[in-house]
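With the sequences and hints as input, model every part of the structure.
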Amino acid sequence: MSKRSAGQAMAATLAAEKRRQRTFWASLIAVAVLLVAGIVGYGVYASNKVDEVNVPKGTAQGDDTGIPRGSGKVKVDVYVDFMCPACRQFEAEAKATLNKLVDEKKITLVTHPVAILDHASKGTEYSTRASAALGCAADGGKFVEYTDVLFARQPEELTPGLPNDTLAELGRGVGLGPDFTTCIESKRYRGWARHVTETASRRGLQSTPHVTVNDKKVESNSAAITAAVAASQ
Amino acid sequence: MTDHERPTSVTGTPAPDRASAAGRWRLAQPWLTVLVRLGLTAVWLVAGGAKVGDLDHSGRVVHAYQLMPYDVAMAVGAVLPFVELGVGLLLLAGLATRLTAALSTAMLLAFVGGIIWAWSKGLTIDCGCFGGGGELAAGQSPSYLADLLRDAGFLAMSAFLLRWPRGWLAADNWLRGDPQLPTGAAVPPAGWADSDDDPHRTSRQENR
Numbered sequence: 001m002s003k004r005s006a007g008q009a010m011a012a013t014l015a016a017e018k019r020r021q022r023t024f025w026a027s028l029i030a031v032a033v034l035l036v037a038g039i040v041g042y043g044v045y046a047s048n049k050v051d052e053v054n055v056p057k058g059t060a061q062g063d064d065t066g067i068p069r070g071s072g073k074v075k076v077d078v079y080v081d082f083m084c085p086a087c088r089q090f091e092a093e094a095k096a097t098l099n100k101l102v103d104e105k106k107i108t109l110v111t112h113p114v115a116i117l118d119h120a121s122k123g124t125e126y127s128t129r130a131s132a133a134l135g136c137a138a139d140g141g142k143f144v145e146y147t148d149v150l151f152a153r154q155p156e157e158l159t160p161g162l163p164n165d166t167l168a169e170l171g172r173g174v175g176l177g178p179d180f181t182t183c184i185e186s187k188r189y190r191g192w193a194r195h196v197t198e199t200a201s202r203r204g205l206q207s208t209p210h211v212t213v214n215d216k217k218v219e220s221n222s223a224a225i226t227a228a229v230a231a232s233q
Numbered sequence: 001m002t003d004h005e006r007p008t009s010v011t012g013t014p015a016p017d018r019a020s021a022a023g024r025w026r027l028a029q030p031w032l033t034v035l036v037r038l039g040l041t042a043v044w045l046v047a048g049g050a051k052v053g054d055l056d057h058s059g060r061v062v063h064a065y066q067l068m069p070y071d072v073a074m075a076v077g078a079v080l081p082f083v084e085l086g087v088g089l090l091l092l093a094g095l096a097t098r099l100t101a102a103l104s105t106a107m108l109l110a111f112v113g114g115i116i117w118a119w120s121k122g123l124t125i126d127c128g129c130f131g132g133g134g135e136l137a138a139g140q141s142p143s144y145l146a147d148l149l150r151d152a153g154f155l156a157m158s159a160f161l162l163r164w165p166r167g168w169l170a171a172d173n174w175l176r177g178d179p180q181l182p183t184g185a186a187v188p189p190a191g192w193a194d195s196d197d198d199p200h201r202t203s204r205q206e207n208r
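Taken in order, these protein sequences are the chains called L and X. Residue numbers are given in the numbering used here: position 191 of the first sequence equals residue 191, and the series is strictly consecutive. Residue numbers are given in the numbering used here: position 25 of the second sequence equals residue 25, and the series is strictly consecutive.
Covered stretches of chain X, as calculated for chain L (at least 3 residues, CB under 8 Å): (1) 51–58; (2) 64–76; (3) 92–106.
Rather than coming from a laboratory, the hints here were simulated on the basis of the structure. Every value quoted in this text rests on a predicted model; they were computed, and no experiment measured them. C-beta: ideal position from N, C-alpha, C; glycine also.
Structure (structure tokens):
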């Protein structure tokens, strides 16, 4: 080996060492970036946990996530999201049947306003706002009326939905007073909306509408509900 | 083998022979790497960006796979979009490309596993890969096959980057003193096309 090539070999070794070091630092930076990303995600998750929740008036006994109607023995739980078109269709199709079962004192109908479609309202979280507004309406004793209005005025998915002013105005239309507007503006029941959604998810809700008869999932149509109720009598 | 170890590297790497297949590949590979890198960048940024606005939903989608308890699923669902965005940004920068490509491959394999699991269990869910997702409404059928084919494409891209991580326009080049673009006589540094950053080979070289 000549002197020159020995020198070259030395330089190559040094260069290779430098490259290894730099590769190491690059890897370290990359790992740090990913760790920070993960920690941010976990931090957001941890800080978003619901601890204390305001609960509207008139929630079901032993279940503060739904508003009951009727006094029948069989419990029918209906989970709806006001941004969900299938929920509106369900409501239109099954409403008369459910009302009849309530009137005949066969069922207790518990309605849970969940918010699983917040990503479908261009960042305005319409599902949560509608659910929280319904909590306000429950305080004013207009849960049923306001539910009907929210379905009647359901916005298209992937639009911002109704602004809070409109939600308040719709409340006035069914006889809710200034307290209702204040309740919406103070976001009093946003935590409740989240609590309702979380509880429903823990119970196995993955899509809306979601209907259970005595806590067993049934298809969300009047025929299936009627059959399940009859079987539970 | 790296350019510094080739005897010719002192006077510059020899220009690839454009006529030969190997030469053409050596010229094309750094551009292909850039293309694949940017393609995967888009995949991860879009996937993460679609989920990051509604972390609760992301958690519920993870929960829908019925692979983990609710609380774990919610935490995973919250962390995942941020990691996806991180992978996207690292690929965009071209920093630690091979390591990032390895993570990208691992994550895609996990997703593929999840979809196969959901399919085999007969769950009717949308994979939620790019937002959306969760259990499907009645009447909607899942598109597992299409999801798997798409993920296979992304896996192929990740594997390409794993094999050929070095290309133009990357932070890795800046860190390691390689050119960012083929200007003038500069050609793809030796070793890129055969992706030889393997330290074992380097040491073999030194022992010679």
